[in-house]
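Line by line, the protein sequences are chains A and B. Residues in the first sequence are numbered from 142 upward in steps of one, following our numbering. Residues in the second sequence are numbered from -17 upward in steps of one, following our numbering.
Each hint should be verified, as a subset may be incorrect.
[Said to hold, decoys possible] With the Cβ distance kept under 8 Å, some of the chain A side facing chain B (calculated, not the full set):
(1) Gly158
(2) Ala168
(3) Glu175
(4) Thr220
For the record, the hints were derived by calculation from the structure and aren't laboratory data. For every residue, glycine included, the Cβ atom is placed at its ideal position computed from N, Cα and C.
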Amino acid sequence: MADKYLVVMAVGPDRPGLIAEISSVIADFGYNIEDMDQVVMRGIFILSLLVNISSSLTGIDRLRKKLEYLCHELGLEVTFYYTGGK
Amino acid sequence: MASVSGVLARFHANILKTRASTVFSNLFVMVMIVDTRPSTVKREDLINILKRSCDGVGLALATESGESYKCGKKIIVFDLDGTLIEQEIIEELAKAAGVGEEVRRITALAMEGRMVFLDALKARVKLLKGLPVSRMEKIKCSIKILPSVKDLARQLKEIGFIVGIVTGSFSFFADYVGEAIGADYVFSNRLIIRDGVLTGEVEGDMVGPEAKLRAIKRMSDEKGVGLDACVAVGDGANDLFMIENVGLGIGYKAKLVVKEKAPAVINTDDLGVLLALIGCTDLKKDVVKRI
């Protein structure tokens, strides 16, 4: 069966530590980040992450909530997108 | 990813651009452009902390200035003993000459940087006086060149690299390995043989730490590129000078002194990592576009 992925996109004012905080939350849930693209454009931090969620689909809602909460704290807007069906 | 970016965040270094992917030959590869100016610690210290954190999670790390990174790499040189081949040739020679113990002691001092390399070399070669060439032939036949090393050299040449061996070891063996892997250049020391035995002397200019860099300079001049376009890979203290003075210097299976000072460190036996570290990935093209 094809792997399932969650795409996480976050945008907001840049400051040191954003990648560390977001990626460590994902690591804490035991998911693997397989692809990542991040850039700072005129002080705006733009991040997209491809997270392999095949290992456990049951943790996804909790991960989403946790990321939504974290990004709110960090001043980032976050959106999610599923590949391979939810 | 979390640990590397965590270190950068802790010391206020700013990540301007990241590309990470697992698609490159099953390796996880991450390229980051980091502004170290806001960092609360010195650049060398930051690199050392990063090295330790990467080591902890089993990642190899390469650090380069932005200027050097942008410059495409064209030349790669390898040390021989301990890097391209497992054996330390001089120790094999010493064993055959019955002076193993004494030579090993001097080698250790030189590799750890506690004795000047050329002095150590002269002292060891002197101890080999009288060793017959037939014994050297036998040692040559016993040299194991790993298939992964041949593969790597082939891949590097395929993507247009000039491949060199730059070693304080001896031409009798280095030329053989050079031929086996298809190296374009071999710089090494020539043992003097008279009447079928070693005289205990070395011919001409000896290849020590500075001569290694001079050899790279010669290659890069001939190719018409700068040192920024050169990669040097080695394990011992005598490699450190070239490692610190080319575009990308890599410690591979490195001794402690090299591990501490090299801007790049590979801590596994997997030479495939090297291709990723020197930027032979699409990720690099993607990142360079945006520097």
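ask   = Does the interface hint hold: is Ala168 (chain A) within less than 8 Å of chain B, judged Cβ to Cβ?
value = 5 Å, holds
inquiry  = Checking hints one by one. Is Thr220 (chain A) an interface residue toward chain B, by the C-beta closer than 8 Å rule?
reply    = The hint is violated - Thr220 (chain A) has no Cβ within 8 Å of chain B, the shortest such distance being about 19 Å.
request  = Let me know if the C-beta of Glu175 (chain A) comes in closer than 8 Å to any C-beta of chain B, holds or violated.
outcome  = Result: holds, 5 Å to nearest chain B Cβ.
ask   = Any CB of chain B closer than 8 Å to the CB of Gly158 (chain A)?
value = Where the cut-off is 8 Å and the nearest Cβ of chain B is about 3 Å from Gly158 (chain A), the hint holds.
When the structure is compared with the earlier hints, a violation turns up for hint 4 alone.
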